[in-house]
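Asks: Quick note, the sequences are listed as chains U and G, same order.
When you line the first sequence up against this note's numbering, it's residues 1 to 174, in that order.
When you line the second sequence up against this note's numbering, it's residues 1001 to 1256, in that order.
Heads up, a few of these hints could be off.
[Unchecked claim] Simulated coverage check for chain G against chain U, where a stretch passes if three residues somewhere in it have a Cβ under 8 Å from a Cβ of chain U:
| id | segment |
| --- | --- |
| 1 | 1137 to 1143 |
| 2 | 1166 to 1177 |
| 3 | 1227 to 1236 |
[Unchecked claim] Keeping only pairs whose Cα atoms sit at most 25 Å apart, straight-line, the calculated DSS-like set for lysine-lysine is:
| id | chain 1 | residue 1 | chain 2 | residue 2 |
| --- | --- | --- | --- | --- |
| 4 | G | 1247 | U | 145 |
| 5 | G | 1247 | G | 1119 |
| 6 | G | 1199 | U | 145 |
| 7 | G | 1246 | G | 1225 |
| 8 | U | 145 | G | 1225 |
Since the hints were made in silico from the structure, they are not lab data.
Since the model is a prediction, treat every value here as computed from it, not as a measurement.
We put the beta carbon where it would ideally sit given N, CA and C, even for glycine.
Residue-level listing of the chains:
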Amino acid sequence: MNFRKTIRALAVGASLPVLLLAGASPEAPLGLTLGREAAAIVGAPATPLSYAGAARRTTRRVVAVETTAATAAVATTAAATSAAAASAAQQQQAVAQQQAATAQQQAAVAQQQAAVAQQQAMAAGLPAIGTVVPALPAGCVAAPKGGVEYYRCGNAYYRAAFQGNNLVYVVAQP
Amino acid sequence: MQSTIRTRRATRFAVVFAVVLAAALPIAARAQPAGIDAQATRLLKASTDFLAAQKQFSVETRNTLEVVLVSGQKIQFDHSARMSLQRPNRLRAERIGDLVQQVLYYDGKTLTLFNPGEKYYAVVAAPGTLEEMLDMARTQLDIVAPASDLVYKNAYDILMTDVTQGFVVGKGVVEGVRCDHLAFRAPHVDWQIWIQEGKEPLPRKLVITTRDMQNAPQFSVVVTKWNLRPAFTASTFGFSPPSGAKKVDFVPLAKR
Chain U
1 MNFRKTIRAL AVGASLPVLL LAGASPEAPL GLTLGREAAA IVGAPATPLS YAGAARRTTR
61 RVVAVETTAA TAAVATTAAA TSAAAASAAQ QQQAVAQQQA ATAQQQAAVA QQQAAVAQQQ
121 AMAAGLPAIG TVVPALPAGC VAAPKGGVEY YRCGNAYYRA AFQGNNLVYV VAQP
Chain G
1001 MQSTIRTRRA TRFAVVFAVV LAAALPIAAR AQPAGIDAQA TRLLKASTDF LAAQKQFSVE
1061 TRNTLEVVLV SGQKIQFDHS ARMSLQRPNR LRAERIGDLV QQVLYYDGKT LTLFNPGEKY
1121 YAVVAAPGTL EEMLDMARTQ LDIVAPASDL VYKNAYDILM TDVTQGFVVG KGVVEGVRCD
1181 HLAFRAPHVD WQIWIQEGKE PLPRKLVITT RDMQNAPQFS VVVTKWNLRP AFTASTFGFS
1241 PPSGAKKVDF VPLAKR
């Protein structure tokens, strides 16, 4: 039991850096409710049938990474191509590629803006509405309203929900 | 005691594989062809076809999930599961373990997840057949029903997707039951299955090794009990919230 507590403590303390380093998702195969432990975990194995599903999930993450890589690649290619462009066809291709690169850069900027907005909300002491956490922060109290079970944690309200098989808590506006 | 048995078994297989790898057993080495051995697929297909032909059954399993910590250390989490199934559209799957306490109910109309520990449940409308329900649960809600691979009638095709190698390891004994032991390889994963000998070729054990992950964690399922003549009632598959149970929502997948 002590060991499990230690894992939980380790997980809570180290969750963000670990997730960033490992690029791991807290979701567990077979929908096991790993909860707080999950954050300390680098990897869990594929499970029956879900290994096809796990492959799909992996694909999703890989796609995200590849898109970023492709942005860089396209930008590089576009620069190189436009410099060396001899034919109109090549130039058109380069323009198209540059446009694609620009669009992707804009998407990246939008993402950054969203991240900044969330950071500002965090700085104000309030997590963004819809933020999903695997466990309630410390010191929450039950605050039911309109027949819905809310938990008040400081100035933020959470409600329980299922995300896949996992029970999670979502920042809500009662 | 069980862990001792498991350790012994693991050691035995490690030894067997080491010997095979060392090609000290030419016969065993010959029995491990580069491709997929027809005998292995025949045994597997017999098992999945047999299960697909069962109108109803219940099965109890012991599951072990290994996870790899940042330190590289491997930790095992156990849970036991029981699944009750009635084709074409009834399912109840329960899991109780270190990390999970959950019951999934499907009555042909709705899908319910219930966590008895926290007393939370969520209900969603579901399609009219088991297979459609499982597809919907997985793709729209990211819910995986335990052992749902047994439910699909095309389980063989699902299991064999991307498999590049397969062979018959030999005979094995799982929970006292004599089995054929098969081993397969696919990209990212190796898996082994033990199938009961005789007229009822039921799967008795399954081990999946995730090869491309640090320290190759494994998921294993050992069947402790098969019942091909279960007695089900309406309450087996229908959920009625116990007093104090609180209804919550599913987080839509699109928001993630």
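Asks: Determine for every hint whether it applies to the structure shown.
Replies: A quick look at each hint next to the structure:
no. : hint              : verdict
1   : 1137 to 1143      : holds (count 4)
2   : 1166 to 1177      : violated (count 0)
3   : 1227 to 1236      : violated (count 0)
4   : 1247/G <-> 145/U  : holds, 14 Å
5   : 1247/G <-> 1119/G : holds, 9 Å
6   : 1199/G <-> 145/U  : violated, 59 Å
7   : 1246/G <-> 1225/G : violated, 33 Å
8   : 145/U <-> 1225/G  : violated, 46 Å
Violated hints for the displayed structure, listed by number in ascending order: 2, 3, 6, 7, 8.
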